[in-house]
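> So the chains spell out like this:
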Amino acid sequence: MADIEIEIDGKMVGAKAGEMLITVTDREGVSVPRFCYHKKLSVAASCRMCLVDVEGAPKPQPACSTPVNEGMKVYTQNGKAKASQKAVMEFLLINHPLDCPICDQGGECELQDVAVEYGSDVSRFSEGKRIVPDSDIGALIQTDMTRCIHCTRCVRFGLEIAGMMEMGGTGRGEHLKIEPFLKDGIQSELSGNMIDVCPVGALTSKPFRYELRSWQMHSMPSVARHDLVGSNLFVQTYKGKVKRVVSADNDWVNETWISDRDRFSYEGLTHENRLLEPQIKVQGQWKQVSWKVALNYAIKGLNSHVLKHQKANQLGGLASSTATMEELYLLKKILTEVGCDNIDHRLNVKNLNNTIAFDSNIKLDALEKIDYALIVGANIRLEQPMINHRLRKATKKGADVDALNVMTFDFNYPLNTQNITAPNKIASTLAGVLKSIMTSNVQELPDYLANVEVDEVANNIASKLLNSNSSVIILGEHIVNNEDASTIASLITQIAHNANSKTLNLSITANTIAANLVGFVPQNSGMDVNTMLAFDMRGFILLDIYPQYDFHDLDAAVKAFTPEDTFVISLNSFKDDIVAGYSDVILPIASIYETSGTQLNINNDMQSYMAAVKAPDEVKPAWKVLKVMADLLELPGFHYADSTQVVAEISHQSYVKHIHDECINLTSKHNGVSTIWQSSPYSIDVVLRHSSALQKTKIGQINSACMNPASAETLGLSANDKYLGVPVVITSTVADDCVFINANHATHIQEQV
Amino acid sequence: MISIDAKKQIDAWIAKYPKDRKSSAVMQALKIVQAENENNLSADTIQAVADYLDMPGIAAQEVATFYENYNHKKVGKHVIRFCHNISCMLNGADDLIAHLENKLGVQTGKVTPNGFISVKKVECLGACVGAPMFQINDDYFENLTADKIDQIVDNLK
Amino acid sequence: MNEACFKNLTKDQCYSLKTYEASGGYSVWRKILKGELTPEHIIDELKASGLRGRGGAGFPTGLKWSFMPRHSDGQKYVVCNSDEGEPGTCKDRDILRFNPHAVIEGMAIGGFVMNASVGYNYIRGEFMEPFYRFEDALKEAYEAELLGQNINKSSVNFDLYTHLGAGSYICGEETALLESIEGKKGHPRFKPPFPANVGLFGKPTTINNTESFASVPEILSRGGQWFADIGVENSGGCKLFSVSGHVKSPANFEVPMGTPFKDLLKMAGGMRDGAKLKAVIPGGSSTPVLTAEVAMTMTMDYDGIEKAGSMLGAGSVIIMDESTCMVKVLTRLAHFYYDESCGQCTPCREGTGWLYRILKRMIDGNGKQCDIDLLLGVQGKIMGNTICALGDAAATPVESFLRNFRPEFEYYIEYGKSMVKG
Ligand SMILES: Cc1cc2nc3c(=O)[nH]c(=O)nc-3n(C[C@H](O)[C@H](O)[C@H](O)COP(=O)(O)O)c2cc1C
Ligand code: SF4
Ligand code: FES
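Protein chains in written order, with my numbering: chain Z, 1 to 753; chain P, 1 to 157; chain X, 1 to 422.
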């Protein structure tokens with residue numbers, strides 16, 4: 001690595017020619033003060049705090065922007081360096097309010113830290129200090145711009161990382177003011193990182209405002225649970241409550257950034273809808289009871305309705321894929337032990353004979369090195385912000401990205417083409433791509449491609465794939481309920497195989513990969529979820545399920561759970577009327593950060609975390625609840641002292657894949673207008689739905705059924721109508737024969753109209 | 001928001017720069033749009049310029065607030081920009097500015113009540129050998145005296 | 001006098017293509033188009049001429065041109081700096097008004113030497129008359145097939161455009177100027193990388209002052225040695241000096257380098273109303289002020305002025321007579337830098353305002369004796385610590401005014417009024 005030597009404060013150290021001095025001093029543990037420099041942002045060299053003395057240079061040099069060269073001699077502590085650093089510090093402080101006692105940044109303020117070391121005691125500045133009016137930039141970030149030291153980290157963050165320039169520096173000289181232009185506030189899905197990059201208290205967390213001083217809090221490393229990345233973060237707690245979440249560095253996973261969703265979701269934990277006590281339904285009346293009573297009631301019900309009559313084949317276990325790996329495993333183990341094979345987590349898939357059997361085989365850090373990506377059916381930026389960020393980095397290095405989507409979405413990088421394609425045309429376009437590739441490769445064509453027409457879009461994509469050195473094909477959430485889902489998945493597998501591409505499956509959410517790993521799917525000849533819902537069941541164990549959000553068909557679910565002789569045990573973290581309507585026992589379980597657990601991300605990193613806080617009141621971690629239930633059922637093999645023993649036990653079972661040519665059926669099953677449905681990004685799970693600041697953002701408010709004028713006419717709808725309960729938006733950015741629903745509330749998806 | 005004629009003028013500037021560098025024209029685009037809008041820029045016009053040049057609104061706002069030639073509050077039909085820097089000062093600019101203020105009955109930085117003239121003190125305009133001097137709209141007037149100022153101002157239409 | 005940039009000054013329609021060509025204009029460029037000159041030869045001639053950049057820093061032009069990676073692939077640019085905004089400076093305006101074709105030819109030659117097919121002339125936003133003059137000249141040059149693509153089938157390409165500023169002194173700083181052409185705020189870039197490697201639109205770029213470019217055609221047509229011989233050691237040729245302030249006939253004079261200051265003063269008609277000379281700023285507001293005694297013995301060339309304790313800068317000579325209040329002048333200059341600081345880097349953003357406010361307080365009669373040391377302290381903390389030279393430019397006058405005229409400041413603080421105006 002090191003190819004030259006330089007001298008820093010009299011010590012010889014190795015370095016790479018041309019790298020910036022500050023990288024060397026940081027690596028060597030030599031402390032050089034800085035404000036504008038941030039390792040993940042471009043160099044601004046404007047704060048001048050990092051000035052050091054370089055032998056031979058007449059002026060002090062900024063360490064952040066001085067490339068090193070062989071034999072260079074640097075003094076970071078001598079008179080010249082110190083004088084410059086002190087001078088800059090004095091300038092920074094003359095207009096700074098020094099309101100540390102009421103500043104949320106107090107105790108973690110880079111300015112405060114450096115001032116202690118470099119500031120002089122008496123301010124010789126006797127003029128009035130500058131006061132900068134604040135602008136309201138939205139629900140997430142609090143501004144106190146008088147404290148701003150104009151380091152422009154937030155501006156550069158917007159430009160370089162968020163991909164949208166929202167903050168800027170207006171005015172000049174002393175009147176330079178960091179502010180947004182749009183009065184609607186900051187809208188990036190990554191905006192909260194500005195809080196982390198701001199070295200002072202100018203940008204702080206709005207929900208956290210005036211809550212606490214940073215040193216009062218306890219910081220626990222943890223893992224975010226809202227997407228496929230599992231960003232690393234610190235959960236900061238005080239007296240057993242989560243007060244704030246900040247990002248943790250992990251270059252392999254989330255670098256140094258986290259999405260707003262991961263940062264602010266903790267707010268939901270203290271929502272008044274939290275379920276705090278076990279309860280049982282006696283003669284139609286809910287009663288709050290002790291855990292002992294509730295669990296006994298549950299076991300008794302299970303025995304009397306199911307087990308006593310050897311009706312394990314009429315028992316079902318369903319779980320939300322946001323559950324931890326341990327929870328999913330233990331529930332499955334209980335069911336298996338009692339002889340039940342009816343297990344599933346794929347609650348929202350309309351047709352389970354038409355599933356996406358599709359693996360990801362690219363790691364996050366490799367994504368930023370690809371030179372071509374094809375996105376099929378994803379609004380990737382909002383669904384998987386951190387994955388999109390990696391793609392954005394690739395595009396900045398010159399990668400091309402094409403999309404095959406049902407409507408135009410906002411990307412924060414230029415797309416090569418956004419091919420707006422009707423849901424029923426996606427399979428045929430991909431078949432065209434495959435045919436084009438196989439033809440170029442002079443391969444023998446399978447029968448199903450014989451009559452496929454290759455259009456220009458398909459040809460272009462094919463040639464991009466063939467001409468790229470490292471490409472990836474991304475399959476997104478909008479394919480899940482596409483009538484051609486399995487055909488599309490199989491085609492992509494074939495394309496990837498023939499074009500030597502990687503694949504990335506974003507049709508799944510949160511901990512789905514763990515659910516598949518532990519085999520939380522029908523076992524042997526057990527029923528899948530849709531079959532269970534249509535069958536005459538005697539009992540269910542439901543893990544953190546909210547039917548109006550989780551099932552594609554709410555009515556079918558409620559109908560299946562409600563009968564008098566169907567005994568339903570619900571483990572939930574939040575209260576819910578529908579759940580209360582059909583359940584017989586409701587057990588309050590811990591939510592995010594309240595339990596230990598494991599998240600399996602798209603890299604296949606098994607990321608385990610400890611509980612950061614104790615769950616409130618009577619609430620217990622679900623893995624413990626499940627363990628006790630197993631004990632009460634007198635099942636063998638549940639002697640776990642803690643959740644890590646569960647992880648140790650989990651054998652690496654792999655998901656059964658169905659990738660056969662036979663899956664490819666190019667006679668589209670679509671007819672009429674198809675509905676592609678997606679939860680809006682801040683309502684994909686129950687904690688998010690209760691996080692008030694997120695709900696107030698623009699993204700949190702997304703709630704629309706978009707269709708083009710022709711589809712609207714077919715459906716007889718106009719702009720102010722509702723479609724499946726969602727306000728209709730007519731826009732020509734949607735493909736033909738398609739309604740794209742992005743909804744923030746319960747949506748009952750009926751069969752196509 | 002931006003007239004067809006203004007767009008034509010802006011396009012002529014865009015043509016001077018590389019194809020993917022439309023935003024290079026922002027400085028002139030703002031001036032052109034300002035000229036069409038009573039010598040003034042509003043948030044909406046700035047956004048319109050930004051949209052026309054495919055750049056973020058805040059980037060256009062940065063430019064609009066950085067350079068001195070853009071106005072963000074009401075100015076006169078004629079803007080008198082009086083140099084008060086060193087060479088002009090040595091040649092009596094301060095007294096002449098006072099004279100002009102008296103004559104118009106407005107302070108520098110303000111607009112005459114009829115909205116006809118506004119006066120602004122500015123830094124060196126690069127005509128020091130002609131000091132004292134001022135600029136009215138596009139034109140320079142040098143070697144000013146009180147009489148000469150009266151004459152120039154009285155002739156403004 | 002008036003040998004290079006001002007050669008045609010007294011001629012009728014001195015700015016027209018006709019006048020320019022009649023006196024030998026575009027002969028160098030035509031030779032280039034005919035393939036009779038090589039870049040190497042031109043660079044050698046420029047080096048021999050001793051031409052140093054006229055924008056203020058005085059960097060040898062030939063050397064600068066030789067730094068461009070002319071053989072590298074891709075677009076390269078030449079940029080002319082006509083942002084003229086340093087108080088006291090007004091020579092480029094006259095070059096643009098009276099000899100625009102010399103700038104065009106000089107830039108075209110630069111384009112050829114540095115293998116840059118596109119040039120921009122950045123004209124400050126207030127210079128509308130010079131802008132129209134220059135645009136007219138460009139039109140003439142294009143019509144005469146002196147510019148464009150494959151000019152006269154020579155396979156030489158050179159397109160030249162003007163970019164208009166919008167009011168900002170800092171855009172005269174070469175990298176701020178590049179940012180400005182890119183449609184951004186004029187925030188100077190830190191160096192390295194230097195514009196010769198990463199300049200306009202990220203491409204190799206050479207930036208020269210208007211006068212530097214305008215001098216090139218005459219140097220090449222009459223030979224580097226001719227130019228060098230006009231001047232003195234280390235300061236080749238003739239140079240425009242803008243003489244303003246308390247003189248009878250303020251004007252721009254193109255005179256040989258090394259001309260004694262007192263001769264230049266005489267050319268400007270001497271002191272107005274027979275007043276006594278008190279102080280001279282020889283190179284524009286950012287160069288140190290000199291006392292009359294020192295000034296009267298100095299010669300107008302890089303070394304001569306440096307020996308006197310100042311800098312030639314852009315050749316902007318500001319003459320002050322004994323009635324001048326130095327506290328007031330310094331306050332005005334401090335206000336200028338305060339107003340024009342781009343705000344990007346801390347010492348300049350915060351320091352220029354601090355300097356101005358201390359001086360303003362003094363002028364308002366609220367000064368304290370310790371303010372003088374405070375001023376010196378603050379300027380010392382700006383000096384050398386900023387991204388670009390504006391910080392130094394703001395600090396320099398403070399230091400030199402206090403060094404040369406300290407009693408006047410002490411008096412002002414003590415009595416709350418100026419020493420000179422009784
Ligand atoms: C604050 C500041 C203002 C400047 N203004 C000008 C200017 O108006 N015109 C100019 O030619 N150079 C100006 N310069 C100098 C330029 O940065 C640059 O050195 C010059 O244009 C190079 O041209 P030359 O080598 O021909 O002198 C300025 C420099 C600074 C630091
Ligand atoms: S708000 Fe914070 S991050 Fe942004 S420029 Fe100011 S100090 Fe830097
Ligand atoms: S950290 Fe180097 S100048 Fe700011």
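In case anyone wonders, no lab produced these hints; they're calculated from the structure. Predicted model, so just to flag it, every value in this text is computed and none were measured. We put the beta carbon where it would ideally sit given N, CA and C, even for glycine. Among the hints, erroneous ones may be present.
Some chain X residues near chain P, calculated using beta-carbon distances under 10 Å [claimed, not checked]: (1) S16; (2) T19; (3) K91; (4) K153; (5) N157; (6) D159; (7) R222; (8) Q225; (9) A228; (10) N252; (11) P256.
Below 20 Å or equal to it, Euclidean Cα-Cα: the simulated SDA-like pairs (lysine to any residue) are [to be verified]: (12) K328(X) to E68(P); (13) K40(Z) to K139(X); (14) K82(Z) to G380(X); (15) K396(Z) to F201(X); (16) K16(P) to S249(X); (17) K184(X) to Q47(P); (18) K148(P) to S249(X); (19) K417(X) to D95(P); (20) K59(Z) to F59(X); (21) K191(X) to P67(Z); (22) K22(P) to D159(X); (23) K59(Z) to G380(X); (24) K139(X) to A15(P); (25) K19(P) to F201(X); (26) K421(X) to N71(P); (27) K698(Z) to D95(P); (28) K360(X) to L182(Z); (29) K397(Z) to E399(X); (30) K397(Z) to K421(X); (31) K16(P) to E182(X); (32) K59(Z) to Y415(X); (33) K184(X) to D20(P); (34) K120(P) to T270(Z); (35) K73(Z) to P192(X); (36) K59(Z) to E399(X); (37) K22(P) to E399(X); (38) K19(P) to S117(X); (39) K360(X) to R21(P); (40) K73(P) to G128(Z).
> Evaluate each hint against the coordinates.
Here is what the structure says about each hint:
no. : hint               : in the structure
1   : S16                : 21 Å, violated
2   : T19                : 23 Å, violated
3   : K91                : 9 Å, holds
4   : K153               : 24 Å, violated
5   : N157               : 15 Å, violated
6   : D159               : 9 Å, holds
7   : R222               : 27 Å, violated
8   : Q225               : 32 Å, violated
9   : A228               : 28 Å, violated
10  : N252               : 6 Å, holds
11  : P256               : 20 Å, violated
12  : K328(X) to E68(P)  : 24 Å, violated
13  : K40(Z) to K139(X)  : 48 Å, violated
14  : K82(Z) to G380(X)  : 14 Å, holds
15  : K396(Z) to F201(X) : 16 Å, holds
16  : K16(P) to S249(X)  : 40 Å, violated
17  : K184(X) to Q47(P)  : 15 Å, holds
18  : K148(P) to S249(X) : 18 Å, holds
19  : K417(X) to D95(P)  : 18 Å, holds
20  : K59(Z) to F59(X)   : 18 Å, holds
21  : K191(X) to P67(Z)  : 10 Å, holds
22  : K22(P) to D159(X)  : 18 Å, holds
23  : K59(Z) to G380(X)  : 12 Å, holds
24  : K139(X) to A15(P)  : 16 Å, holds
25  : K19(P) to F201(X)  : 11 Å, holds
26  : K421(X) to N71(P)  : 38 Å, violated
27  : K698(Z) to D95(P)  : 56 Å, violated
28  : K360(X) to L182(Z) : 37 Å, violated
29  : K397(Z) to E399(X) : 48 Å, violated
30  : K397(Z) to K421(X) : 66 Å, violated
31  : K16(P) to E182(X)  : 11 Å, holds
32  : K59(Z) to Y415(X)  : 39 Å, violated
33  : K184(X) to D20(P)  : 15 Å, holds
34  : K120(P) to T270(Z) : 57 Å, violated
35  : K73(Z) to P192(X)  : 18 Å, holds
36  : K59(Z) to E399(X)  : 18 Å, holds
37  : K22(P) to E399(X)  : 44 Å, violated
38  : K19(P) to S117(X)  : 16 Å, holds
39  : K360(X) to R21(P)  : 43 Å, violated
40  : K73(P) to G128(Z)  : 26 Å, violated
Violated hints for the displayed structure, listed by number in ascending order: 1, 2, 4, 5, 7, 8, 9, 11, 12, 13, 16, 26, 27, 28, 29, 30, 32, 34, 37, 39 and 40.
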